[in-house]
Each structure stands twice: as C-alpha cells, then as structure tokens.
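S.K.: One line per chain: the protein sequences are A and B, in this order. For the first sequence, the working numbering assigns the number 6 to the initial residue and increments by one for each residue that follows. For the second sequence, the working numbering assigns the number 7 to the initial residue and increments by one for each residue that follows.
Rather than coming from a laboratory, the hints here were simulated on the basis of the structure. Take the hints with a grain of salt, since some may be wrong.
Claimed, not checked - In silico SDA-like links for lysine to any residue, alpha-carbon gap of 25 Å or less:
#1 A:K414 x B:H72
#2 A:K59 x A:K134
#3 B:K9 x A:D287
#4 A:K96 x A:K414
#5 B:K70 x A:F353
#6 A:K290 x B:L119
#7 A:K323 x A:I339
#8 A:K290 x B:S8
#9 A:K286 x B:K9
#10 A:K134 x A:Y201
#11 B:K13 x A:D287
#12 A:K59 x B:L119
What the hints assert, rightly or not - Ranges between beta-carbon positions, derived for each pair:
#13 B:I132 x A:H94: 56 to 66 Å
#14 A:K284 x B:L40: 30 to 40 Å
#15 B:F93 x A:F237: 49 to 59 Å
#16 A:K451 x B:K117: 38 to 48 Å
#17 B:K70 x A:N204: 38 to 48 Å
#18 A:F241 x B:K70: 16 to 26 Å
#19 A:Y201 x B:K9: 45 to 55 Å
#20 A:G42 x B:G71: 29 to 39 Å
Everything numeric in this text was worked out from a predicted model, so none of it was measured. Note that the Cβ used here is the ideal one computed from N, Cα and C, for glycine as well.
What follows is each chain in one-letter form.
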Amino acid sequence: MTGWILFGLFAVLLLANVPIAVALAAAAGITLVVTNGFSSLSLLTDIMYASTAKFTLLAIPFFILAGVIMEYAGISRRLIHFADVCIGHRKGGIVLVTVFTAIFFAAISGSGPATVAALGTILIPALVKNGYPKATAAGLLASSGSIGIIIPPSIAFIVFAVVAGDQIPVSVGRLFIAGIVPGLMLGLSFIVATMYVMNRREKAGMKGLGATESAATVVREKPSLKEIFKAFIDAFWGLMIPVIILGGIYGGVFTPTEAAVVAVFYGLAIGFLVYRDLKLKDMYKILVDSGIQTAVIMLIVSSASVFAYIITTEQIAKSISSMLLSITESKILILMMVNILLLVAGAFIDAISAYYLFLPILLPVMLHLGVDPTVFGVFMTVNLAIGLFTPPVGVNLYVACGLAKVSIKEISSAVGPFILAGIVVLILLTYFPIFSTWLPDLLGVK
Amino acid sequence: MSKLLEKIEFSILALSLAIMCIVAFVNVISRYFLSHSLAFTEEITINLFVVVTFMGAAVGIHRKGHLGFNLLFENAGRQMQMVLLLFIGLVTTFVFLSLTYYGVDMVLFQKQLNQMTPALGWPQWIFSLGLPVGSLFCLIRTLQVTWQEAKTLAKEGGAVS
Numbered sequence: 006m007t008g009w010i011l012f013g014l015f016a017v018l019l020l021a022n023v024p025i026a027v028a029l030a031a032a033a034g035i036t037l038v039v040t041n042g043f044s045s046l047s048l049l050t051d052i053m054y055a056s057t058a059k060f061t062l063l064a065i066p067f068f069i070l071a072g073v074i075m076e077y078a079g080i081s082r083r084l085i086h087f088a089d090v091c092i093g094h095r096k097g098g099i100v101l102v103t104v105f106t107a108i109f110f111a112a113i114s115g116s117g118p119a120t121v122a123a124l125g126t127i128l129i130p131a132l133v134k135n136g137y138p139k140a141t142a143a144g145l146l147a148s149s150g151s152i153g154i155i156i157p158p159s160i161a162f163i164v165f166a167v168v169a170g171d172q173i174p175v176s177v178g179r180l181f182i183a184g185i186v187p188g189l190m191l192g193l194s195f196i197v198a199t200m201y202v203m204n205r206r207e208k209a210g211m212k213g214l215g216a217t218e219s220a221a222t223v224v225r226e227k228p229s230l231k232e233i234f235k236a237f238i239d240a241f242w243g244l245m246i247p248v249i250i251l252g253g254i255y256g257g258v259f260t261p262t263e264a265a266v267v268a269v270f271y272g273l274a275i276g277f278l279v280y281r282d283l284k285l286k287d288m289y290k291i292l293v294d295s296g297i298q299t300a301v302i303m304l305i306v307s308s309a310s311v312f313a314y315i316i317t318t319e320q321i322a323k324s325i326s327s328m329l330l331s332i333t334e335s336k337i338l339i340l341m342m343v344n345i346l347l348l349v350a351g352a353f354i355d356a357i358s359a360y361y362l363f364l365p366i367l368l369p370v371m372l373h374l375g376v377d378p379t380v381f382g383v384f385m386t387v388n389l390a391i392g393l394f395t396p397p398v399g400v401n402l403y404v405a406c407g408l409a410k411v412s413i414k415e416i417s418s419a420v421g422p423f424i425l426a427g428i429v430v431l432i433l434l435t436y437f438p439i440f441s442t443w444l445p446d447l448l449g450v451k
Numbered sequence: 007m008s009k010l011l012e013k014i015e016f017s018i019l020a021l022s023l024a025i026m027c028i029v030a031f032v033n034v035i036s037r038y039f040l041s042h043s044l045a046f047t048e049e050i051t052i053n054l055f056v057v058v059t060f061m062g063a064a065v066g067i068h069r070k071g072h073l074g075f076n077l078l079f080e081n082a083g084r085q086m087q088m089v090l091l092l093f094i095g096l097v098t099t100f101v102f103l104s105l106t107y108y109g110v111d112m113v114l115f116q117k118q119l120n121q122m123t124p125a126l127g128w129p130q131w132i133f134s135l136g137l138p139v140g141s142l143f144c145l146i147r148t149l150q151v152t153w154q155e156a157k158t159l160a161k162e163g164g165a166v167s
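Could you put together the complete structure from these sequences and hints?
M.R.: As structure tokens, then:
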C-alpha cells in the first residue's frame with residue numbers, strides 16, 4: 006500500500022513537470038505524513054542532511070570543479086586540436102576526433118552533460134563544417150558525452166557504490182577500472198553508428214544539410230610530424246590529467262576524493278601558470294557555476310535518499326524483489342527484464358535518482374542470482390548512460406540541442422542509431438561479465 | 007531585492023566551495039608530505055557540502071536548472087499550463103517549507119543539547135544552519151519564480167485572446 010502511494014505520487018508529480026528532486030522529496034514527505042503523521046516530516050531534514058554530508062560524495066563537487074576549470078583554462082580546446090591534427094584529415098576522421106576527445110574528457114570530468122557542453126561548442130560546428138547534418142552532429146555529441154559516466158572517474162559509479170554500500174560493500178576503485186573497457190566499447194559502437202548513418206545517406210545520394218560537399222569528400226592534407234609534435238606539446242599538460250587521477254588512485258596514492266582535489270589544483274596551476282588563459286576574475290564564475298552543477302546533483306541525492314529510506318524500511322524493496330523472483334528464476338530472463346525496466350525508467354528520470362529508486366529493489370535480486378555487484382554496476386550504469394540521450398528526458402540531448410540549435414524533435418529521430426548501438430553494447434555487457442571483470446582482474450584491483 | 011539575494015547566494019556558494027577545496031587540498035598535502043592526516047578537515051568539508059547543496063539549489067530554482075520531465079507541460083494548453091505552474095509552485099513550497107521549518111527545529115534542538123562536532127568540538131548547530139537557511143532561500147526563489155512565470159503566462163494569454 007505504502008509502495009503504491011510512494012511510487013504513484015512520484016509518477017504523478019514527475020509527469021506534471023515538478024523537478025525530479027522536488028518530486029522525490031514531496032512523494033516521500035507526503036507518504037511519511039500519511040503513514041506516520043505530520044511529526045515524521047522531521048525525518049526529511051535528518052535524512053537529507055545525513056545523506057549529503059558524506060565524505061565519499063565529496064568527490065562529486067571536486068570533479069565538477071576540475072571539469073569547469075579545464076574548460077576555462079583552455080585545456081579541452083587544446084585536446085581537441087591535438088586529436089584533430091592526428092586523425093582529423095582522414096575520411097570520417099572528425100567522428101573519431103569527437104568520440105576520442107569525449108572519452109578523454111570523460112577521464113577528467115565524470116559527468117555526461119558536462120562532457121557534451123565542454124566539447125560541443127567546438128565539435129558540433131566542426132562536424133557541420135565537415136558535411137555532417139546538424140542533428141546527426143548533435144546526436145553524436147549527446148551520445149558520446151554519455152561515456153562520461155562510464156569511463157573513470159565517474160560520478161555515477163561513486164553514487165552506485167554509496168547506495169549499494171548499504172547492502173554489500175562495493176569498491177569504487179574496482180568499479181572505476183571495470184568501466185574502462187565498456188566505455189571504449191560504447192565509443193566504438195557510436196563510431197560504427199555514425200558511419201552507418203553517413204553511408205546510408207551517401208547511397209541515397211543525399212549530401213550534408215547546408216554543406217556544399219558530402220562528408221567523404223572533405224579531406225585535408227596529411228599533417229607533418231612537426232605539426233603533430235607541436236600540437237602534442239601544447240596538449241601535453243592536459244593529457245597528463247588522467248594519468249595523475251587514475252595513476253594516483255590505482256597507485257594507492259590517492260582516494261578518489263583526494264584525486265579530485267589534486268585535479269582541481271593541477272588544473273588551476275596549468276591555467277594560471279602554463280597556458281595563462283585563466284584570469285583571477287574567472288574564479289568567482291567558475292566557483293558559482295560548479296556550485297550550481299553540484300547542487301543540482303546533490304539535491305537529487307539527498308531527496309532520493311529519503312525515498313530510498315521509505316522503500317527499505319517499509320519492506321517495499323523486499324516484496325517487489327521477491328515478486329520479481331517469483332515470476333521466474335531464470336537468470337537470462339530476469340536480467341532482460343531488469344534492463345528493459347531500467348531503459349524505460351532511464352528515459353524519464355536521471356541516473357542518480359535511478360540508483361536510489363531501484364538499487365534497494367534490484368541489488369538483492371542480483372545477489373540472489375549470483376551476479377557480481379561490479380558487473381551489475383557497470384551494466385546498470387551503461388543502461389542509464391543510454392538514458393542520458395534517450396528522449397524525452399535525456400539531459401545530454403537538451404545540452405546538445407542548445408549548442409547545435411536544433412529542436413528536440415529533430416535530434417530525437419537522429420539519435421535512434423546511437424541508442425540501438427548502445428543497446429547492443431548493453432546486451433554484451435549484461436551477458437558477458439568478462440568485459441567488465443577482465444581489466445580489474447588483470448590489474449588485481451579489488 | 008532579487009539582485010541582493012543573488013549576491014548573497016553567489017558569495018556563500020563561491021566562498022563555501024573555495025574553502026572546501028583549500029581545506030581538502032591542505033589535508034592531502036599534509037597526509038602525503040608531512041604524513042600527518044588532519045582528521046578534523048573532513049568535518050569542515052562535509053558540513054560546507056550541505057551549505058553548497060542547499061544554497062546552490064536556490065540558484066538552480068532561480069535559473070530553472072533542476073531537471074524535470076517537461077514533455078506534457080510543453081504540449082499542454084495555456085490554461086492547463088497555468089494550473090500545472092501553480093501546482094508545481096505549491097508542491098515545491100511544501101517541500102522547502104517543511105525543510106525550513108524542521109531544519110530550524112533541528113538547529114534549536116542541537117543548540118539546546120549543546121551538541122558539539124566530534125573532532126573540532128565546534129557547536130554543531132552553526133554548521134547545521136546551512137540546511138534551513140538554504141531551504142529558506144529555495145522557498146523565496148520558488149515563490150518568486152512561480153509568481154513571475156504565472157504573470158508572463160497570463161500576459162501572453164491576454165495578448166492572444
């Protein structure tokens with residue numbers, strides 16, 4: 006009964022365009038009042054405070070800040086330039102540039118929309134200039150940006166580990182390493198999807214919208230070694246960031262939170278001392294921007310925590326998970342059902358809320374079936390990454406639309422092949438755990 | 007008035023985040039170069055984290071930065087939009103009013119118990135103020151945004167009919 010009130014209220018509020026964070030808190034609050042009376046509303050403040058003031062989650066503001074600093078310091082621009090000099094001259098090279106820089110930027114920022122925003126301003130116009138239709142360019146950026154939450158460091162993995170940690174200890178370090186191969190697979194699948202779209206357009210005799218030449222005919226001269234070297238030196242300080250972050254975490258030097266803080270100060274040092282693109286007066290804007298981005302995520306975290314608290318204490322999680330297991334005991338079928346459920350949910354809510362809403366219910370089922378929590382973390386996150394660019398509520402879509410100046414309708418149809426490509430990768434990751442466990446086992450990361 | 011509010015919001019936000027970074031960085035330095043962990047730093051950073059969350063949330067409301075599902079809203083008629091707008095305002099007010107009220111309650115309770123933070127021994131209630139104060143800002147911003155949007159919607163409606 007309580008479960009119906011809780012989820013029903015949330016659905017109604019969500020559909021009425023109440024912001025997700027507010028809808029979660031309101032549904033939880035009203036459910037508390039209905040079941041335990043008005044005074045139980047004090048739980049709202051207590052849980053929201055306790056769930057925000059968590060040391061592990063501190064990595065979130067620091068990684069966001071590091072990402073914003075990279076942008077202001079001109080680091081992302083130099084990375085794109087380096088990738089462009091290396092592979093931009095080949096046929097379809099700009100697509101590779103987009104996906105590679107997205108993967109690379111993902112290794113700094115850990116957030117999907119941030120990756121789209123940082124790269125889209127430069128890469129969407131570049132793609133369009135190379136003859137790709139605006140909507141396809143925006144679709145490619147929106148989907149590539151989603152790799153941001155799979156390649157470490159990843160805000161999503163941190164939240165997964167925190168939420169799953171209530172039931173079973175999950176190592177953020179192992180999740181981070183486990184995400185590398187799946188992240189690369191996703192990137193590869195997006196390249197294939199773009200090639201497929203462009204090939205079909207070429208066969209149909211269509212050219213890029215508004216471009217004078219089709220994508221295939223724009224071929225630049227091969228760059229000289231000197232040019233490549235110059236671009237490399239210029240981008241070198243930026244290229245070192247993932248080495249510092251990941252090397253630091255796996256070398257056992259830093260915790261993820263510490264690595265994030267170090268990345269912030271490293272970015273500042275490069276911005277002020279090496280590139281000198283950063284001005285002291287930018288700092289205020291950088292801090293305010295990062296603060297807002299942090300708050301948007303953390304308000305969801307704190308209100309979703311109250312929601313998750315009710316799901317757990319009212320035994321809702323238990324009854325739904327046993328219901329799920331009573332339908333079938335087949336691992337293959339249940340994994341399929343879980344993935345479909347998450348794909349649908351991911352189209353309406355963001356990844357962070359999804360962890361709080363579904364982990365208390367799904368994790369016991371996964372553990373019962375003997376699924377490795379790390380593997381579950383990876384495929385659940387890839388699933389929710391697809392949600393980042395699935396209409397109607399894909400954050401990445403909105404960011405990319407804003408940058409490319411196309412409507413949500415146009416991008417929604419262009420993004421189809423990318424969603425399909427993502428689902429193929431998702432199926433592989435769900436049924437072949439080796440893709441997720443191979444690298445961490447090889448490196449001996451527990 | 008709105009400008010002044012913004013100035014307060016931005017200053018608290020930027021200052022808190024800056025202190026969090028510096029304190030956390032000093033801890034990293036101290037731990038690896040002086041091999042001395044400053045355990046009390048965690049208390050400062052996590053409590054300021056709450057301040058950043060709720061102050062930033064208020065700016066988010068002002069800038070309409072919070073995620074939501076707006077497909078039905080966008081396709082609704084003007085009258086329906088007005089109803090939804092007021093409904094959203096009401097629900098958001100309920101949430102932040104509760105948080106402000108029970109937040110103040112929490113602060114007063116901690117003050118009464120003379121509760122101190124474990125490592126620093128500072129009064130916990132000063133840190134906890136972040137939640138009710140931030141929520142109060144969220145509440146003010148909610149009322150302001152709802153009022154402004156309703157006014158705009160009403161005006162647009164008048165222009166067409």
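S.K.: Does each hint fit the structure? Answer for all of them.
M.R.: Going through the hints against the structure:
no.	hint	verdict
1	A:K414 x B:H72	holds, 21 Å
2	A:K59 x A:K134	violated, 46 Å
3	B:K9 x A:D287	holds, 20 Å
4	A:K96 x A:K414	violated, 29 Å
5	B:K70 x A:F353	holds, 18 Å
6	A:K290 x B:L119	violated, 39 Å
7	A:K323 x A:I339	holds, 16 Å
8	A:K290 x B:S8	holds, 18 Å
9	A:K286 x B:K9	holds, 19 Å
10	A:K134 x A:Y201	holds, 19 Å
11	B:K13 x A:D287	holds, 16 Å
12	A:K59 x B:L119	holds, 23 Å
13	B:I132 x A:H94: 56 to 66 Å	holds, 60 Å
14	A:K284 x B:L40: 30 to 40 Å	holds, 32 Å
15	B:F93 x A:F237: 49 to 59 Å	holds, 56 Å
16	A:K451 x B:K117: 38 to 48 Å	holds, 44 Å
17	B:K70 x A:N204: 38 to 48 Å	holds, 40 Å
18	A:F241 x B:K70: 16 to 26 Å	violated, 40 Å
19	A:Y201 x B:K9: 45 to 55 Å	holds, 52 Å
20	A:G42 x B:G71: 29 to 39 Å	holds, 34 Å
Checked against the numbered hints above, the structure breaks hints 2, 4, 6, 18 and satisfies the rest.
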